[in-house]
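Chemist: Put chain B on the given structure of chain A with help from the hints.
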Amino acid sequence: MNGPGTDPLLLRLAAGDEGAFAALYDRFAARMYRAALRMLGRREDAEDAVQEVFLATVRSRAGLGALRDLTAYLFAALHRAAGRCAVRRARALRASPAAAGEAIAPDEQPASDDPDWRRLQRAIRSLPDEQREVMTLKIDGELTFAQIAQVVGVSVSTAASRYRYALAKLRASLAGASTSLERRR
Amino acid sequence: MESYPLPPEFEGLERLLACGPRPEPSAALRPRVLGSVRSELHRECGSPKWQFAAAFAAVVLVGLGLSLGVLQATSFALQQRPSAPSVDEVARRLQVLSPGLSREDSLRQAMLRHIGAEASGRTTLSDLPSPRDIL
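Same order as they appear, the protein sequences are chains A and B. Quick note: the first sequence uses the numbering used here, first residue 1, plus one each step. Quick note: the second sequence uses the numbering used here, first residue 1, plus one each step.
Because the hints were derived from the structure by calculation, they are not lab data. The structure presented is a predicted model; accordingly, all values stated were derived computationally and were not measured. Check before you lean on any hint, since a few could be wrong.
Computed cross-link-like contacts, EDC-like style, restricted to lysine to aspartate or glutamate with a CA-CA straight-line distance of at most 16 Å [as the list claims (entries may be wrong)]:
id : chain 1 : residue 1 : chain 2 : residue 2
1  : A       : Lys-169   : B       : Glu-14
2  : A       : Lys-169   : A       : Asp-129
3  : A       : Lys-169   : B       : Glu-9
4  : A       : Lys-169   : A       : Glu-130
5  : A       : Lys-169   : B       : Glu-11
With the rest of the complex left out, here is chain A (with noise of 0.2 Å):
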């Protein structure tokens, strides 16, 4: 964690310099389109929401300079925007239920052919939604727990009690498999 404003990337994103947007882009956007896309589950949504965290900074860069964490303020504002986008699919999935098919998320995770892989998938999936939110910002955001309880809004303590839960669930629901997962590390 940086002290307020000694990242000069912050300095350059405040004056509004567009090559900045374009270095932060470039740093994060692909891990953060991977944890949109495994908290929202469709490519469009998940690209979506990566636009408008860039958009929202945008708007909101005359604070960047005195930021303590850009990764914290850039995975929470995903965060928001997840949120607001499933709200809006939830939305269009009463007004018009024909349009249920693509409102229910397909899940567009990379296909695998092995079926242990998928199967993690599918335990991931099921996990309650605090516990998969904090799995997704740690393996597909790549934020520390400090980070992720800025972004969620919980203890540190929280956040690593919650991933753990998490990883105990991922390997009894993988029990079977587990053998030849651990084979092929």
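Modeler: Below, chain B without anything else, positioned relative to chain A:
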């Protein structure tokens, strides 16, 4: 450095999760996002200028409207009230008021008053009291 170390039995699973297939955003996302960022930056930069121009135009239009209104309400035609007394009548009244005034002087004064009344667009001749009123 994380201060919450994982039990060793979870470390393998965590590595597996981190090493799986990693989806990447489409190639179109970068230009799309940076394009929207550029538009937003330019929109914000341009807005104060446009706001100033719009405010200035509004002030000019209001000023123009007021000026036209005043112009239409003002008559610049030189008018004389139809009931205004003639120069001779005024000269006669002046002579009655000031018996020492010669005929020529009273006519000159009456003409000056008449000219002054026309030039200013208002008539003061009728304000002159009739000798009968005074006497």
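Chemist: Would you mind marking each hint as holding or not holding in the structure?
Modeler: Verification of the hints:
1. A:Lys-169 <-> B:Glu-14: The given pair, whose Cα atoms are some 12 Å apart, holds under the 16 Å limit.
2. A:Lys-169 <-> A:Asp-129: holds, 13 Å
3. A:Lys-169 <-> B:Glu-9: With Cα atoms ~13 Å apart, Lys-169 of chain A and Glu-9 of chain B stay inside 16 Å; holds.
4. A:Lys-169 <-> A:Glu-130: Holds, at roughly 13 Å.
5. A:Lys-169 <-> B:Glu-11: holds, 14 Å
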